[in-house]
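Engineer: So the chains spell out like this:
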Amino acid sequence: MELNTIKDAFDRVTKKQKVSSSKSQETIEHVTQEIERALSRIQSGTSQPDCNSILGELKTKLKEMVPLGQLEATQKELNLAMTKYTKLLEKQFNPDISKSYRNVDFDFHTVNQIVASHLYREGMFDIGDCFVNESHEEPVIDKKTHFLEMYQILESMKSRDLGPALKWATANHEKLQQNGSDIELKLHRLQFMEILKLGHRDEALKYMRTYISPFSNHFPEIQKLMACLLWAGKLESSPYTELLSPTHWAKLAHELAQQFCNLLGESYQSPLSVMVAAGVEALPTLLKLANVMMGKKQEWLSMKQLPVPVDLDQEFQFHSIFVCPVSRDQASEENPPMLMSCGHVLCKQSITKLSKNNSTRPFKCPYCPTEVEVGQCRQLHF
Amino acid sequence: MDPLPNGNNVAAAPPPPSSSSSKLTESLKLEHQLLRVPFEHYKKTIRANHRLVEKEVSAVISALPHSADHDDAIHHLNSLVSRLQGLKRKLEDGSRAERLQAQRCRARLDHLESADGDNISEWNNTRLKRILVDYMLRMSYYDTATKLAESSNIQDLVDIDIFYEAKKVIDALHNKEVAPALAWCADNKSRLKKFKSKFEFQLRLQEFIELVRNENNVQAVIYARKYLAPWAATYMKEFQKVFATLAFTSNTGCEIYKVLFEPKQWDYLMDQFKQEFCRLYGMTLEPLLNIYLQAGLSALKTPFCYEDDCTKEDPLSQESFRKLAMPLPFSKQHHSKLVCYITKELMDTENPPLVLPNGYVYSTKALEEMATNNNGKITCPRTGLVCNYTEVTKAFIS
Chain D
25 MELNTIKDAF
35 DRVTKKQKVS
45 SSKSQETIEH
55 VTQEIERALS
65 RIQSGTSQPD
75 CNSILGELKT
85 KLKEMVPLGQ
95 LEATQKELNL
105 AMTKYTKLLE
115 KQFNPDISKS
125 YRNVDFDFHT
135 VNQIVASHLY
145 REGMFDIGDC
155 FVNESHEEPV
165 IDKKTHFLEM
175 YQILESMKSR
185 DLGPALKWAT
195 ANHEKLQQNG
205 SDIELKLHRL
215 QFMEILKLGH
225 RDEALKYMRT
235 YISPFSNHFP
245 EIQKLMACLL
255 WAGKLESSPY
265 TELLSPTHWA
275 KLAHELAQQF
285 CNLLGESYQS
295 PLSVMVAAGV
305 EALPTLLKLA
315 NVMMGKKQEW
325 LSMKQLPVPV
335 DLDQEFQFHS
345 IFVCPVSRDQ
355 ASEENPPMLM
365 SCGHVLCKQS
375 ITKLSKNNST
385 RPFKCPYCPT
395 EVEVGQCRQL
405 HF
Chain R
8 MDPLPNGNNV
18 AAAPPPPSSS
28 SSKLTESLKL
38 EHQLLRVPFE
48 HYKKTIRANH
58 RLVEKEVSAV
68 ISALPHSADH
78 DDAIHHLNSL
88 VSRLQGLKRK
98 LEDGSRAERL
108 QAQRCRARLD
118 HLESADGDNI
128 SEWNNTRLKR
138 ILVDYMLRMS
148 YYDTATKLAE
158 SSNIQDLVDI
168 DIFYEAKKVI
178 DALHNKEVAP
188 ALAWCADNKS
198 RLKKFKSKFE
208 FQLRLQEFIE
218 LVRNENNVQA
228 VIYARKYLAP
238 WAATYMKEFQ
248 KVFATLAFTS
258 NTGCEIYKVL
268 FEPKQWDYLM
278 DQFKQEFCRL
288 YGMTLEPLLN
298 IYLQAGLSAL
308 KTPFCYEDDC
318 TKEDPLSQES
328 FRKLAMPLPF
338 SKQHHSKLVC
348 YITKELMDTE
358 NPPLVLPNGY
368 VYSTKALEEM
378 ATNNNGKITC
388 PRTGLVCNYT
398 EVTKAFIS
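So the sequences go chain by chain: D and R.
Take 25 as the starting number for the first sequence in the working numbering and just add one per residue.
Take 8 as the starting number for the second sequence in the working numbering and just add one per residue.
Everything labelled a hint here was simulated from the structure, so no lab data went into it.
Check before you lean on any hint, since a few could be wrong.
[Said to hold, decoys possible] Computed spacing ranges between beta-carbons, pair by pair: (1) R:197 to D:93: 41 to 51 Å; (2) D:337 to R:243: 50 to 60 Å; (3) D:96 to R:27: 47 to 57 Å; (4) D:191 to R:120: 39 to 49 Å; (5) R:27 to D:352: 49 to 59 Å; (6) R:27 to D:191: 36 to 46 Å; (7) D:352 to R:318: 23 to 33 Å; (8) D:244 to R:391: 41 to 51 Å.
[Unchecked claim] Computed footprint of chain D on chain R; a stretch qualifies when at least three of its residues, placed anywhere within it, have a C-beta under 8 Å from a C-beta of chain D: (9) 301-314; (10) 328-335.
Don't be surprised by glycine CBs; every beta carbon is placed ideally from N, CA and C.
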């Protein structure tokens with residue numbers, strides 16, 4: 025796409041518009057002047073025939089001027105520039121991105137619920153409330169209160185207050201451990217370093233004993249922190265300066281949000297953001313497809329599977345998909361992927377075909393010289 | 008059948024993914040509406056200003072008297088001069104509007120230009136907000152739309168003022184009034200004609216129906232003569248059908264005529280208006296949000312999304328998204344794409360899949376790490392099976 029060409033075309037429109045607009049002003053000015061001149065002549069003279077002849081002159085003069093005719097040329101140029109710009113936009117962009125849209129039942133209540141949840145989970149609580157109110161949807165109270173708590177914790181962390189975060193981590197101690205998260209320790213470590221930064225060695229030691237020592241399985245970590253105690257007051261010149269880095273705050277806030285969502289049973293990223301981002305990547309391919317299938321409306325509407333793959337970034341790859349290299353079928357429960365003794369993988373149906381449905385007769389792997397027996401093939405779980 | 012070399016190589020790689028910059032360009036090409044809508048607005052203002060000049064100047068010229076006595080002439084010419092001065096003032100206001108709208112067009116061009124690799128996540132974020140504001144405006148959630156735009160400082164990138172123009176008409180139709188809608192039709196007469204829009208005719212039909220409902224039969228006939236007859240040639244069938252309601256009246260049991268008196272006709276008019284309005288401004292007829300959601304749903308929908316162990320990160324693990332995806336087709340894959348259950352990373356040549364004795368597959372990275380941390384022992388997270396790292400075998404996937 026050539027944005028510069030587009031910008032040039034737009035500049036041409038504004039230039040012509042300025043010319044046309046000053047021309048209009050000028051024309052009005054001229055007409056006004058002519059009338060005013062006639063006016064002053066009438067005012068200075070008094071006789072009736074004079075007056076009529078002045079009016080007659082004015083009329084002919086304005087007729088000769090063809091004031092509107094003067095505007096025509098500039099207006100024409102402006103129109104041309106505008107048409108050109110519109111055409112250019114149509115050429116450079118996808119003029120109708122709804123071409124691949126299916127007019128199926130797209131329940132707006134469901135979409136509204138998704139939007140409301142999105143606004144809450146992105147921390148836009150006022151806007152979320154306003155949306156629920158204006159759309160007359162059922163309020164999504166759960167989402168709101170949960171994420172409200174999360175954003176309060178994150179806000180406090182922004183102002184360097186770990187209190188709410190630690191409170192949350194302690195309350196969810198069991199669950200966090202079950203998930204294999206060490207965020208609680210990380211929060212305590214940060215708090216410990218904050219105390220130490222202020223030079224309160226005794227207090228730091230006390231904190232260590234009360235809150236950190238229970239995490240005895242993280243022994244190396246604790247040792248390191250204990251060593252920091254020796255450097256209290258001159259941490260900047262210690263081997264542990266890395267622990268002072270402010271990036272820990274940002275990283276920990278990120279991790280906390282992740283764990284918080286995890287415990288709520290929510291995805292870390294807003295599902296709406298993910299879906300729209302995937303849509304942006306997929307739409308160009310789908311539009312091309314819709315163009316190709318333009319004449320086959322019925323086929324387009326009734327298809328059960330897209331006829332072409334839509335390449336998305338890896339971040340949208342949520343599932344393992346196995347496509348049999350022989351049959352090109354997607355593996356399924358009825359037709360699972362099977363590992364042959366040579367290490368190559370095919371779908372079950374392809375193996376059945378290759379072995380001619382005879383489970384005792386060995387067959388050659390399509391990809392290597394190995395002779396494979398059906399009995400030795402193992403089902404895989406991705 | 009693709010050739011696949013034996014050995015430790017996973018071959019038949021999928022075509023190289025298009026580079027991120029061309030992906031960005033492709034996504035920018037979807038932004039036609041972003042540039043088109045403010046330009047249509049700009050054009051409209053330019054045209055209105057021009058028409059004003061034409062109308063006033065020709066009115067002044069034709070109002071010039073041929074002859075008049077002295078005082079009359081002075082009086083008359085003075086009034087013409089002040090009329091022209093009024094026009095000048097109006098034009099100055101008009102120019103101000105033109106300038107603002109040109110600025111808005113330019114702001115959007117700059118916004119498109121600002122999208123590059125460095126700020127892309129922020130840019131994408133803004134895009135989602137633009138899409139949401141567009142959705143809210145089309146759904147007539149004006150307050151939320153304004154709030155969201157203001158809080159994100161994207162007023163120049165969304166079309167709130169344009170939709171406020173629609174609001175008046177929609178509100179009126181909601182109250183079963185057609186006058187603002189008819190005025191809107193008159194304002195946009197030539198363009199509606201170009202699109203062969205039927206909207207004005209439909210409004211007229213509704214007015215006629217209302218007269219019949221109130222049993223103003225004589226007036227209904229007069230109305231039909233005046234406002235419906237000009238359309239009759241183009242839409243004879245509908246004209247005849249609606250005209251027949253005079254015979255059936257509003258309490259008819261006859262189904263074809265009964266529906267014409269139902270209140271949902273007004274909702275239909277409202278939808279019709281929204282469509283015409285969007286068409287006129289070069290907007291998509293569907294909200295952008297729905298378009299992008301549908302595309303995303305089609306691309307992400309796989310049979311695995313509907314299984315119980317679907318990961319939470321997949322939006323299709325949620326009931327609401329599943330519901331929307333129901334009537335849409337599944338996505339298609341030509342090549343295997345395997346994601347490690349443990350690390351969620353792609354299993355490819357760099358990080359090949361390994362098979363446990365029980366047939367469960369994980370990435371090399373995940374199993375290596377597990378083995379190093381547990382003295383060479385592997386525990387299958389899904390079945391609990393414990394085995395040695397030496398027992399795992401390679402699988403060759405194409």
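Engineer: Each hint needs a verdict: does it hold in this structure or not?
Structural biologist: Each hint, compared with the structure:
1. R:197 to D:93: 41 to 51 Å: violated, 21 Å
2. D:337 to R:243: 50 to 60 Å: With Cβ atoms ~55 Å apart, the hint holds.
3. D:96 to R:27: 47 to 57 Å: holds, 50 Å
4. D:191 to R:120: 39 to 49 Å: holds, 47 Å
5. R:27 to D:352: 49 to 59 Å: violated, 28 Å
6. R:27 to D:191: 36 to 46 Å: Holds - the Cβ-Cβ distance for residue 27 of chain R and residue 191 of chain D, about 42 Å, lies within 36 to 46 Å.
7. D:352 to R:318: 23 to 33 Å: holds, 26 Å
8. D:244 to R:391: 41 to 51 Å: With Cβ atoms ~29 Å apart, the hint is violated.
9. 301-314: With 11 residues in contact (Cβ-Cβ under 8 Å with chain D), the coverage given for the stretch 301-314 of chain R holds.
10. 328-335: Contact hint for the stretch 328-335 of chain R vs chain D: holds, 5 residues under 8 Å.
The structure shown violates the earlier hints numbered 1, 5 and 8.
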